[in-house]
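Student: So the sequence lines, in the order shown, correspond to chains R and L.
The opening residue of the first sequence carries number 108 in the numbering used here; numbering runs sequentially from there.
The opening residue of the second sequence carries number -17 in the numbering used here; numbering runs sequentially from there.
Everything labelled a hint here was simulated from the structure, so no lab data went into it.
Virtual Cβ for every residue (Gly too), placed ideally from N, Cα, C.
Any given hint might turn out to be false.
Computed list of chain R residues with no C-beta within reach of chain L, every gap over 12 Å [claimed, not checked]: (1) G140; (2) I149; (3) L220.
Cβ-Cβ distance ranges computed for the label pairs, FRET-style [said to hold, decoys possible]: (4) R:T161 with L:K240: 13 to 23 Å; (5) R:T161 with L:R122: 14 to 24 Å; (6) R:G141 with L:D239: 50 to 60 Å.
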Amino acid sequence: MAEHVIGTIDDFPPGSSRLVKVRNVEIGVFNVGGTLYALPNICPHQAGPLCEGTVNGTMICNAATEWKHQWVRDGEFLTCPWHGIEFEIATGRALANPRLRVRQYPISVDQGLVKITL
Amino acid sequence: MVFTVDCDVHVNDTPGALAPYCDLPWRHSLEDLDGANYPYLQIPGFAPNFRLDPPIRGMHPYRSVNTAREMREELTEIGVDVGILFPDHLLLFAAIPHPEYALFLSRAYNRWLLDRWLRDEPGLYGALLACPQDPEGSARDIEEFAREDRIVAIYLPTAGVNPLWGHRRYDPIFAAAEAADLPVVLHSVTIVSPVFPCQLEQFENHFARQMLGHSFAMMANLVSIMHTGVPARFPNLRIVFTEAGIAWAPYMKWRLDKYYHEYRRMVPVLERRPSEYMSERIWVSTQPIEEPDDPNHLVETIRHIGEDRVVFASDWPHHDFDHPRALLRLPMPQDLKRKIMGENALRVFTRIPAPSAVGADSEERA
Ligand code: FES
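In isolation and in its complexed conformation, chain R is listed as follows (with noise of 0.2 Å):
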């Protein structure tokens, strides 16, 4: 296990989304609203190109919402660009089925350096 340097600060905006390599290892790095994420860019459910998806929010329907469409949180949710499972960035959960989750790698910011743990 070792920090590796991925770039700047700057080089990850909120709403951004980069896929970056360390050690021959694709991750992709999310900011999501200012905190940011770094994911294997293999989908648990294929093994699909998962980072490669589009960044989205998501529709909801429910008691809370008097059983109308709603689209929320946009910007949270990572779709897998193979069979379209919605991920939810900040905790690598599937939204279709709680079994179904990716794991994160640690990511950090020190002095405007961002560094992935791997």
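Position chain L with the ligand relative to chain R; hints supplied.
Tutor: This is chain L with the ligand only, laid out in the frame that chain R set:
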């Protein structure tokens, strides 16, 4: 003996029998149908169906049960302690197009059921006939009739229903069932009718139509209620699928989950996987139980659906009825047999008293 609840037995609901229970002006229609020697499931304006096949000699005879006493004796004979009654001809009820007549007819059936079948004989319980042609009227009737103790379910006529049961027009019926704490039971029958999924006219004979009539109806209605979120919008509603056997259920469960992964954003009303709703509030009844060469495969299938999700049904007195021994002889542990034959049903049909009380009934009979 294993305490046995039979979730599907049929009473002979002729137009003449129902006529005295029907209000005017539609009583006259039933009176005019009385006495005509129509075949089973072939009565104009009552059990509308196309009769497509020529007779072939050697088919088994048609059986019907005409009184509560007969029903009690026959169920006892095959080893059933408790039976839940459904109609015969009105299995085709949903194909009747006239909403006002349909509501009068459903009311007549429900009155007749209470008066002639649920008064005297022990261990007989009823499913109220819901009227998809007039959901608001039906909901009012459910509220009224559900006060009767011997009513333990709401029967949703499924053959030829259009639109399918997930449509929001039926919300009042689901709300009434939920408020009365009664499960809804979907029951189909083979029908040739110009509505999805029962357009079976292209098949040459009843063998083929029988393959798909019930099973398509169950699959299509399961998808229908899932895609509009019935189990999410009515969180206390219990739902039972009958008369298509059980093996279709794992297939649909896995298929729904598979595509929920991909299309969840289209059905956000489902906040959990379809299988999770199925494993909490949906039951499947056994008849016509599949009979694979290796009975272990059937036991395995029961486990795929869930040991708590499968309830016994005989479909007595119909041609393809299952004797309880069709389940009892399966290679499975005694506690699983007890669940399937009766314990699971008591969790769905919660108004049916527990076995000890029913046991007392049996002794009184003896
Ligand atoms: S591989 Fe990502 S959704 Fe299937």
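Student: Indicate, hint by hint, whether the structure satisfies it.
Tutor: Cross-check of the supplied hints:
Look at R:G140: its CB is around 21 Å from the nearest CB on chain L, clear of 12 Å, so calling it non-interface holds up. For R:I149, the requirement that its beta carbon stay farther than 12 Å from each beta carbon of chain L is met, with the minimum near 17 Å. Chain L leaves R:L220 outside its interface by the beta-carbon criterion, the shortest separation being 37 Å against a cut-off of 12 Å. Taken as a hint, the range 13 to 23 Å holds for the pair R:T161 and L:K240, whose Cβ atoms sit roughly 22 Å apart.
For the pair R:T161 and L:R122, the beta carbons lie near 49 Å from each other, so the given range of 14 to 24 Å is not met. As the Cβ distance of R:G141 to L:D239 is approximately 35 Å, the hint placing it in 50 to 60 Å is violated.
Comparing the model with each numbered hint stated earlier shows that hints 5, 6 do not hold.
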